[in-house]
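Visitor: Letter by letter, the chains look like this.
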Amino acid sequence: RKRTGVKNAFVFTCSGRTAFSRYSKDTPGNFPKLKFVFGSCALQALDLVDHHSVTCLSSPSGRKAFQVIGGSGRLYTCFASCHYCPCPAFAYSVLRRNDGLLCKHLLAIYLCEAVGGTLQESVSDQQMSALLSGTAAP
Amino acid sequence: MTDILTLVFRTFTSQTDGSEELTGPPTSPATCSALLVGDAGLSRSVLLLAAVTAASEVGVRVVFFTQTRIQSLPPCLQKRKILFSYPRTMEELLQQVARLHEPTNTSPAPPSLIVVDGLEGFLCERGAGLAGFHPGEQSVQAAHLSALLCDSAAFLTRVLRSRSPGADPCRVVASFQSPGDGGRAGGEASAADPTLEVLDRYFRVRCTLDRAGSYEAAAGGLHEVWDIYLSGTGMADASDTT
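Going line by line, the protein sequences match chains A and B.
In the numbering used here, each number is its position in the first sequence, counted from 1, plus 650.
In the numbering used here, each number is its position in the second sequence, counted from 1, plus 9.
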């Protein structure tokens with residue numbers, strides 16, 4: 651599948667949220683680098699990007715969060731400023747085994763932000779609070 | 010956070026011969042989140058002192074989350090800028106922290122210090138009904154709460170600086186006692202606790218408090234001597250920037 655959305659994303663570092671530059675027309679495709687750094691979840695993350703699975707939620711207070719539609723159709727709410735995802739892969743591979751830096755949902759967020767592929771949606775302050783606390787209805 | 014802790018330790022400890030003057034790294038994003046580990050009673054006292062110090066000496070609003078109700082406050086503290094909140098469960102704690110961004114909590118001024126006393130008490134529950142979690146996974150709960158605290162602090166920092174460009178960042182401090190922590194010497198405590206390893210991902214500075222076997226008994230009074238260790242990736246990052 652042609653991955654036009656991310657062919658020009660370039661990895662500078664693998665630490666923190668500065669891992670990706672903004673979209674650059676002069677930068678060649680770097681999928682092998684993504685795969686080298688992030689392993690098997692790179693392909694899965696690119697798939698999520700292609701399916702426009704990442705949405706940035708904003709509330710009137712200015713608070714933001716990201717919501718990713720997983721492969722199973724389940725919604726995962728992730729934070730804007732630090733690594734966390736409620737998916738089983740994050741709990742097992744990242745937290746318990748320390749095998750990887752990110753899950754595919756977090757990587758998809760970074761990629762979408764880098765290439766400008768994030769959808770935007772507004773929610774109320776109360777809805778935002780429920781999503782952040784994990785008590786919102788699925 | 011290390012700046013407030015340093016101020017607390019400097020104010021409430023006595024300088025004896027041969028001891029180093031207490032200095033800490035400057036305030037930076039790397040040092041804004043700190044985790045107190047060690048004796049639970051000691052940690053709670055330090056957290057309360059930190060809250061009082063922040064409210065009175067630094068002059069900032071404080072939100073203090075604890076399961077154990079404060080029985081009474083001295084009159085001089087009752088009008089201070091400290092809001093005590095008593096969530097009973099992890100779910101309530103998450104909801105209250107998540108609501109810190111709402112206008113009712115950021116007006117007239119947003120909190121600049123978030124304190125959580127006794128994380129272990131909230132994490133010991135099984136199956137709090139949180140979406141996407143495997144019930145009873147303490148590490149996952151720890152990660153969710155820690156990430157929410159850090160993300161909330163980052164948001165409140167932006168609010169504080171939008172109102173006052175030179176404002177200090179919002180700080181987070183929490184205490185955690187690993188099972189079996191009591192009685193261990195500092196530095197040895199909690200070495201293999203998976204929950205603590207998760208907490209270390211989000212709290213950049215660890216402050217280890219140890220008073221085991223450190224009493225100085227003197228005629229006419231007892232003096233407690235605490236060993237305080239500051240460690241973590243936040244300390245290294247702060248040193249690199251100075």
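Just so you know, these hints were derived from the structure itself, not from any lab.
Misleading hints may appear alongside valid ones.
As the list claims (entries may be wrong) - Not everything, but these chain A residues come out facing chain B in the computed CB check (under 10 Å):
#1 K685
#2 S772
#3 D775
#4 L781
We treat Cβ as the ideally placed atom computed from N, Cα and C, and that holds for glycine.
Visitor: Tell me the hint numbers this structure goes against, listed in increasing order.
Guide: 1 and 2
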